[in-house]
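Each chain is listed here by its residues.
Number of protein chains: 2
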Amino acid sequence: MKLKIFVTLKPGVLDPQGKAIQHALGSLGFAGVDDVRAGKLIEMQVADETTDAQIDEMCRQLLANTVIENYRVERA
Amino acid sequence: MKLKIFVTLKPGVLDPQGKAIQHALGSLGFAGVDDVRAGKLIEMQVADETTDAQIDEMCRQLLANTVIENYRVERA
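Going down the list, the sequences are from chains A and B.
Under my numbering, the first residue of the first sequence is numbered 1, with each subsequent residue one higher.
Under my numbering, the first residue of the second sequence is numbered 1, with each subsequent residue one higher.
Only chain A is shown next, with the shape it has when bound in the complex (with noise of 0.2 Å):
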């Protein structure tokens, strides 16, 4: 089974990347950019019998700081 999981930030929690992003793409003269936020995508296989719970243990453990970020999983 293959899986997606993106790994974003929480609202209100700063994200310099996000700002370095939006700030280069105005330098590159797109206007109009805002609320830029950079999260994390991780693909992964994944055997057939893995449980909802063990990838959820996955995310907790590993894959996602919970203090300040949000992540969503995606089956395919």
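To be clear, the hints were calculated from the coordinates, so they are not data collected in a lab.
Bear in mind the structure is a predicted one, so any value in this text is a computation, not a measurement.
For each residue, glycine too, the CB sits at the ideal point set by N, CA and C.
Honestly, I wouldn't trust all of these hints.
What the hints assert, rightly or not - Just some of the chain A residues that point at chain B, by a computed CB distance under 7 Å:
1) L28
2) D35
3) R37
4) A38
5) L41
6) I42
7) M44
8) A47
9) M58
10) L62
11) V73
Given chain A's structure and the hints, the job is docking chain B onto it.
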């Protein structure tokens, strides 16, 4: 208009970050995890009149390194 831009390494490009994640998941006792690839997710707000060509330019000029990375744009 809200955009989500997914930047992923092209197949065949070595992904040390993905390998590190895969190894760490194995160490934590999650078996059967394979082919982990780490990518980026960039969310942003752009003006409604932004054209597809402009978004493409943003990706090519700044957000993705098209030599080694693919990108996909999702409008929301």
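Structure-based check of each hint:
1. L28: Hint on L28 of chain A: holds, closest Cβ of chain B at ~6 Å, below 7 Å.
2. D35: With Cβ-Cβ at 4 Å, under 7 Å, it holds.
3. R37: 5 Å, holds
4. A38: 6 Å, holds
5. L41: Holds - the Cβ of L41 of chain A comes within 7 Å of chain B, reaching about 4 Å at its closest.
6. I42: 6 Å, holds
7. M44: Since chain B brings a Cβ to about 4 Å from M44 of chain A, closer than 7 Å, the hint holds.
8. A47: Nearest chain B Cβ about 3 Å off; hint holds.
9. M58: Interface hint status for M58 of chain A: holds (6 Å vs cutoff 7 Å).
10. L62: 6 Å, holds
11. V73: Violated, because the Cβ-Cβ distance from V73 of chain A to chain B comes to roughly 13 Å (cut-off 7 Å).
Checked against the numbered hints given earlier, the structure breaks only hint 11 and satisfies all the rest.
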